[in-house]
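Full structure from sequences and hints, please.
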Amino acid sequence: MGTIGELFFSWDAVRPWLETLFRGFWVTIQLTFISLVFALTGGMILAVMRQTRSARGGIPRRIGAGLVRLLAIVYIDVFRGLPALLVIIILYVSLPFTNIPVLDTFTGFQVGILALSLVYAAYLAEIFRAGIESVERGQVEAARSLGMSNRQCLRKIVLPQAVRRVMPPLLNEFIILSKDTSLVGVIAVSEVVYVARGAQSVDLNSSPLTAAAVMFLVFTLPLIRIVDRYIERDRRRSGGGTVVIR
Amino acid sequence: MSNPTGAAVRVERLVKHFGANEVLRGIDLEVARGDVVCVIGPSGSGKSTLLRCMNLIETPTAGRVFVGDDEITHHKADTNSLRSRMGMVFQSFNLFPHRTVIENIAMAPMVVKGLSKADAQARGMELLRRVGLEEKAGASPRSLSGGQQQRVAIARALAMEPEVMLFDEATSALDPELVGEVLAVMRELAEGGMTMVVVTHEMGFAREVCDRLVFMDGGVIVESGDPATVLSNPVHERTRRFLARVLEPEAEV
Ligand SMILES: Nc1ncnc2c1ncn2[C@@H]1O[C@H](COP(=O)(O)OP(=O)(O)O)[C@@H](O)[C@H]1O
Ligand SMILES: [Mg+2]
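Residue numbers (this note's numbering), protein chains in the order written: chain A, 4 to 249; chain B, 4 to 256.
Source of the hints: derived by calculation from the structure; they are not laboratory data. Be careful, since some hints might not be right.
[As the list claims (entries may be wrong)] Derived pair list, reagent style DMTMM-like, types lysine to aspartate or glutamate, alpha-carbon separation capped at 25 Å:
| # | chain 1 | residue 1 | chain 2 | residue 2 |
| --- | --- | --- | --- | --- |
| 1 | B | 139 | A | 139 |
| 2 | B | 139 | A | 144 |
| 3 | B | 120 | B | 138 |
| 4 | B | 79 | A | 144 |
| 5 | A | 159 | B | 137 |
| 6 | B | 120 | A | 144 |
| 7 | B | 79 | B | 164 |
| 8 | B | 116 | A | 144 |
| 9 | A | 159 | B | 106 |
| 10 | A | 159 | B | 81 |
| 11 | A | 159 | B | 122 |
| 12 | A | 159 | A | 136 |
Structure below.
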């Protein structure tokens, strides 16, 4: 018992690493929020692309709409089907040799954000799509009959209702994203898991890993409570249920 | 492109197929400015589809629709602006649940016509007063009764100052005791000179308010004329059978 306490909960083993660990957690937070912003934007664009229809208009417009939709579907399916870790590694080892301006000089941190954004855009797109599809047809018909264009209807009527309904799964995905940032450690980005592992390997004491775990929980547990409260509230309201996928 | 008859709306040889299902088989309908035309007919006869094709919620398979002098079905038509010249009221109200009552009414004038929020809401309040719901301006649509929701939906459509109002069974989803308040608003609108096309099962309303009654069955207009005549003296056997079925329950009460 004494050894277990010593191994996992030794304050003395954590103290020298504390600043490093906090700096690592700050990197984790940055990876999470910056990726989230890109993933939300990309996911929304993909979801709208996937909904593109052209009932009226000539053959070229219909083919155009079909291509836009196909592009979105292929993107979403591919990135949902790949492990995030593989995407991170592929980008990290390949980008320097691509001669693509800017991208070929990306740091590990930037590659991590790029990879997580690409992958999570696909997940969030599916959530947004479920939300968009849950908005009743009558809403669109009412908006269009008032003279709103397709775009106006999407922005003012469909998306606000869609986003509200998918808040719980969206928050859920946010929690998973915050944890997936630890994958970026594989390309030597100093996020909290990576630095905690380093600390452990120096002193052969696991307490820095425990410290990393506590930092994560301080961040994720409140979010988990919020998701639960959302779901509870929607259950009470019964009416328009929330959409939960994944 | 032109519409020499000067009608408020005109439908010409309108055809609509859903796959192999021929729902409208060549409808001709002309509504003069200020007239109220009621459309009756059995369920599935294509009444909703007719209204929905008129403002292009559904794309007609063939035929033409004019609003005033402009053809909304023309391939170069500015569909959105022509659509806004016709107001539509749905059986299921379709209010925007994420907005308050006054925002529901003010939204389209702001988004489509570019009115300021203050202007749009001031005019919205006037319309709310007209439908007797000014005290509900800040309420959520969810908190209203069906009849109140439908009156808001009518005000919302009127906010775009349409030349024609289309009603698709506006009272069919309502509890019986709430039907009257909605019909009263519609009646007032008709008396104020609004051009209206009203799909309805309310034979009393049809008899008293309509200038012309149209009976549809199987995707065609079977019979059309003065409401009193059509209701009490229908020419066609199909009309007679339908009316017998619809009017009988009333007679028994
Ligand atoms: N979007 C649609 N897709 C396929 N069939 C439809 C659609 N809308 C209506 N229909 C069909 O068209 C016919 C007429 O429907 P509708 O116009 O709603 O009749 P009514 O309003 O007179 O009851 C019905 O057979 C219905 O199944
Ligand atoms: Mg109908």
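Evaluation of the provided hints:
Proposed proximity of residue 139/B and residue 139/A is supported: the alpha carbons are some 24 Å apart, at most 25 Å. Using a Cα cut-off of 25 Å, the hinted pair residue 139/B and residue 144/A holds, with the two alpha carbons roughly 24 Å apart. Distance check on the hinted pair: residue 120/B and residue 138/B sit about 19 Å apart at the alpha-carbon level, within 25 Å; holds. A hinted pair counts as satisfied when its Cα atoms are at most 25 Å apart, and residue 79/B with residue 144/A qualifies at roughly 21 Å.
Taking the CA atoms of residue 159/A and residue 137/B, the gap is about 24 Å. The hint holds against a cut of 25 Å. As the CA atoms of residue 120/B and residue 144/A are separated by approximately 23 Å, the hinted pair is consistent with the 25 Å bound. Taking the CA atoms of residue 79/B and residue 164/B, the gap is about 23 Å. The hint holds against a cut of 25 Å. For a cut-off of 25 Å, the pair hint linking residue 116/B to residue 144/A stands: about 18 Å separates their Cα positions.
Restraint check for residue 159/A and residue 106/B: the C-alpha separation of about 11 Å stays at or below 25 Å, so the hint holds. Our distance criterion of 25 Å between C-alpha atoms is met by residue 159/A and residue 81/B, whose separation comes to about 21 Å. Restraint check: the Cα-Cα separation between residue 159/A and residue 122/B comes to about 19 Å, which is no more than 25 Å; the hinted pair holds. Between residue 159/A and residue 136/A the alpha-carbon distance is near 15 Å, which keeps this suggested pair within the 25 Å criterion.
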